[in-house]
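Student: Residue numbers (my numbering), protein chains in the order written: chain A, 1 to 403; chain B, 1 to 823.
Hints may contain errors.
Some chain A residues near chain B, calculated using beta-carbon distances under 7 Å [claimed, not checked]:
#  : residue
1  : I9
2  : R12
3  : P36
4  : Q37
5  : L39
6  : V45
7  : L50
8  : E107
9  : G116
10 : C139
11 : G145
12 : I184
13 : L185
14 : T312
15 : L324
16 : S336
Hints were generated in silico from the structure; no laboratory data involved.
Quantities reported herein were computed from a predicted structural model and do not represent experimental measurements.
Here a beta-carbon is modelled for each residue, glycine too, at the ideal position from N, C-alpha and C.
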Amino acid sequence: MMKHSVSPIRCRMTREGYHFLFILSFVLIGAVLRSPQLLVVFAGVLVAMLFLQWRLCRRTLDQVRLTREFPLNAQATIPFEIQLTATNYKRWLGSWLLVVHDRIRRETPSERGNPGVQGINMVVENVPPNSSRLMKYRCRVEQRGRYEFGPVDLSTRFPLSLLRSMRSQNEVEHFIVHPKQGTILPRWRELFDRERYGNRRHHARAGTTEGEFYGLRSYRPGDSPRWIHWRTTARRSELVVKQFERQENLQACLMIDLWCPKQGEGSTNGSAHGTQEDAVETAIEFVASLTQLLVGKGLGSLTIGIADRNFTLISRIQSRNQVLALLDRLAIAEASHDADWRDGLNKMKGVVTAIPHLIVISTRSVDWTVDQQDVSRSVRSRLATWIDVSKKELQPYFQRGDR
Amino acid sequence: MQNRVLQRLTFHIGTLAILAAGLISLGQQSGRLLGLVFASVVLSWIFTDWLKWFRLNKFVAYFLMIVGAMFAIMDYLRGVDSQQLYSVANLLIYVQLPLFFQTKTRRIFEQLGIFLLLELVVAALVNDNVLYGLLLLPVMAVGCSTMVLFAYFISSDRSGEAIGESNSVFARFLQWMGSETTIRVNVSGIEVRLNKESEFRPKRSWVAWFAELVPTNLALFLFALGFFYLLPRINTDSYEGRWRRNVVGFSERISLAQVGEILQSDQVVMRLSFRDGTSNRAFAPLEAPYLRGACLGRYEPGFQRGDWSLDSSYSPLASLASSEQVRPEYRQEFLPVIVSILEQVQTDGLIMGLPPFYASNRDDLVEVFPDTWALREQEQFSSRNRRKIEFGTLSFTAGRQSPFTPLLYDVYDDRFLRSYGIPRDGSALNPKLNRELTRFNPTRFRSLLEYRDEVLSRNNVRNEDIIGQTLAIEEDLALSGKLTYSLNLNAHQDPTLDPIEDFVRNHKKGHCQYFASTMALMLRSMGIPTRVVVGYRPSEFNNVGRFFLVRQKHAHTWVEAFFTREQFDNSTIRLPACFVSGAWLRLDPTPPGNGSNAGGTLQTARSQTFDYAQELWGDYVMDMNKSNSDAIFQMFGDPTSNSFASLFRQAEIIFLRLQQGQLIGGFFAPGEWLNLGILVAVGILILIAVAVLRGFRWVMPSWIAFGKRRAARPYISGVVSFPFLRQMLKMLERVGWKRPRHQTLREFVSDAEGCWQANVDRPLDPKPLSMLTSIYYRLRFGEVRDLSPSDQSQVDSCLESLAAHGTSALSRARQARNKAIGK
């Protein structure tokens, strides 16, 4: 829920305003003490200017609201567009020369310090009464994660630049930037060769995702326009799409183990630390890319356990919404020194019973023969592969996107 | 875009500089500074801003500014510009010029702005011209336009600016204080860039631009007007204006040379206007009026002098008589005219007048000499530089000024005369005065007597017609051409002769006082009581403002000779019956033409409108001292009190009239229930309540929502007008599912159901949200008009199912999803 919190309008003198006031004070003193009448006339004009500035610049910001709109999703390193709408709710008076200052900040754990805020200024010439104006800016972030937008400041110097009135809309909005996508290399199927079962028949398929025709249903966001059944759509006056029986070729189960050494422990070498971070990002990007590949192309379903500070299990990811939920979770996943892979595997016991093999993508290497004792037998029997990303074991299957 | 605003701003500030220099030049009455600024601005536009051939380096510009300042100081020290303010104006302009030839940045515009503002202040100090007021309007318009453009320039400078700023407490404090400069830090990993279509591009045309400036300037003008007239004044000094440094008026001793000097001066002495005493409308006489000043009876000869001086034996009357104290027959004979004079206070306190006088409504403190009709101010007002005096006169009949000046006895009633102890004896003229006004030494004026005899013999007027003889002399002097009018008095003068004798005998050229003295002496030689009157005969009539502008060059001298009733009866001149004892006959022997004021033709000034505007400017702007400021409020109340007190008093009177039903009568009459005290108390209470409420709302904004309701209202694009849908959305909202603006209803429902399916074990079948949405869409887009019974039952069952377990499931689903994504 966005909280509507608007600070009161504040007026501050600009630099030019101080110059103006300085001269005005002399003129006024001269006008009152000596009464040269033209000086009084001139003082009247100057005071009128100041008064007009004060009233107009306050009223300009009054009843002006800003709303921000985000894209449905965004990936790190790929620019996305933020849309700000300034709406003037006043009945008669327009709002001129609005300077809108928006702020973006990456939400990071407190121990990583205060990285500062990136701001951008936009100027709107005029928002007529009872109407709105649109501003757009493009944002490109290097890192996945949760970003905070706002508070946004509105200010104006209109009309005479003697005063600057300003007001802040204090509400902040959060937006999650998904991990960037890499390239899943052709050898990725080797990972899941053992998991494929039955139904190896070759189908003559019309498209990449269709199966056998099953029925009709209402259109949902994300459905391909190719699935629209136009005749029924015309009859029912709403979009109707065809449903197909899905050919589930693959049922994969992965656990991503995001471990990093405790700060100050292990290798203190900067490059090693960088390598570890690199491994974490590689693992996350691989899972994100693989999910997009499998679900996006309808190649199968995926059950993923994410073992970081808090273990999360997302089972049978098949729909676009589930993919988005997984990407949201991956976006905020953080490597932790107390990531417990055994606990994670045990928590996955319930869902792996129907899945023959489990793959662990980890940022550490484990002596499996020693450590497997604590793992449930049912899981142990299905654990097929342990891929240590830090040792580049993922290189044959995945190539990271452009850094 | 920035370039376009910059070009406009440069053009505006150049224009403003030219106008400011124009205002200063107007005060200096020299176009030197204007030319200098104009040339600099045009050259800088062409070569620095447009062709970009050269621009001054910052340090070179500073050097040139110092050189300019030194020039201005040296000018002052050498005495080129004697007045300090002109030197300050020079200094400002010289220092400002190098700035035009620099690359225009914010700093340059700020510096130019300060200099221009100071120049306008100086212009206000060195000007008193109405042109300043007229030019102030375009200056205000261009100034406002410049400042608006400057605001555009500064704002556009920041458009698209991406700043990495500190998030520290200090940075936030600076931001709260309104500082535009932020503490910058390098924020890595986030790049922002403004979309091209959102870049700042002002699109308004010149026409639209000026259309917006008109109301702004109108508001400024009205505010400045109110400020000017409501500002309390503490200074009682009058504005001298174009009458400054004048030595005007006449003393009680006037030499021939002195009048000659006065006649060559163009200085303004007074503004004279008439209005009809009965209708109160402006009155314009058909010929130039004779304004009497000093009335001189004693002649003292001397080398190149010929002094005339006053010899009065009466003490003045302390006040003017009222119109009721004027004899009725006199009132019937003449038109009552109110004379209004605005003049600089003269050295000896003499006031120009047109006798006989009576008091007008104004209570001016003047005294009148009964024998000469001379007006003089009393001591009380001598502290002012300018004065406005009004009095009534009974000297006009049929649009012309009467040639007769009455004796006091014939004008006022006995009671008034007795109150001043003036006896009404049988003789027409006081014997002592008669003796003084007929004093003549024939041994000194042989040629003058010869001239007189020659005129009388030539005209062959009978001896008993003394007035006929007088008129013959007047006509001969004025029209014969033997003596000519001239202000060039460089001819050799004989020191052994009286100047008038010398005038008649030798050089035969002179101004009005020579002619008047000649005639006066001739009449005295004939035993006629004669006196010389000095005053003005203005002929410059302003048709727009209906006033005479009296200048020094309008000074005039003429003769008054006294004749008894019998003498008039024996002549061809008809003396009205109201002149019982006789009258003073005005005689003007000065030849008309050659620049003399004897011709009575009214002349129309060439720039009447401008003169009138200048007069208004002087009256209502330049002369707005404490007394005039108070006078403005006199129309609202008692003139004897100060302005604000009278304003309150008048408000009180209006309220009383309102209370008595004089303003609003009938059913709406306030009557007795309206009490001023209660009204004031209620007003104060309301003000206090509003102040407290506003203060409270400022301190605790969340406690008092009213007044902010509208401001806090979120934008809702449409109104949900279907009750079942409203109910569904409300149920969802209660469990945290609120439709965002970017989602359609179907997308929103699909999202909610997807979340349900993904996170809650309980199957979603049937899907109540989808079903309700489908029904809504069918209704909304006209597929069906009303809900069919089956639809209605479906709606009911869906809402029931939603209420029973749907909302709780959706709530769980939302929580689960939030947990999954870490919210």
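Student: Please name the hints from earlier in the document that this structure breaks, with their numbers sorted from lowest to highest.
Tutor: 1, 7, 8, 11, 12, 13, 15 and 16
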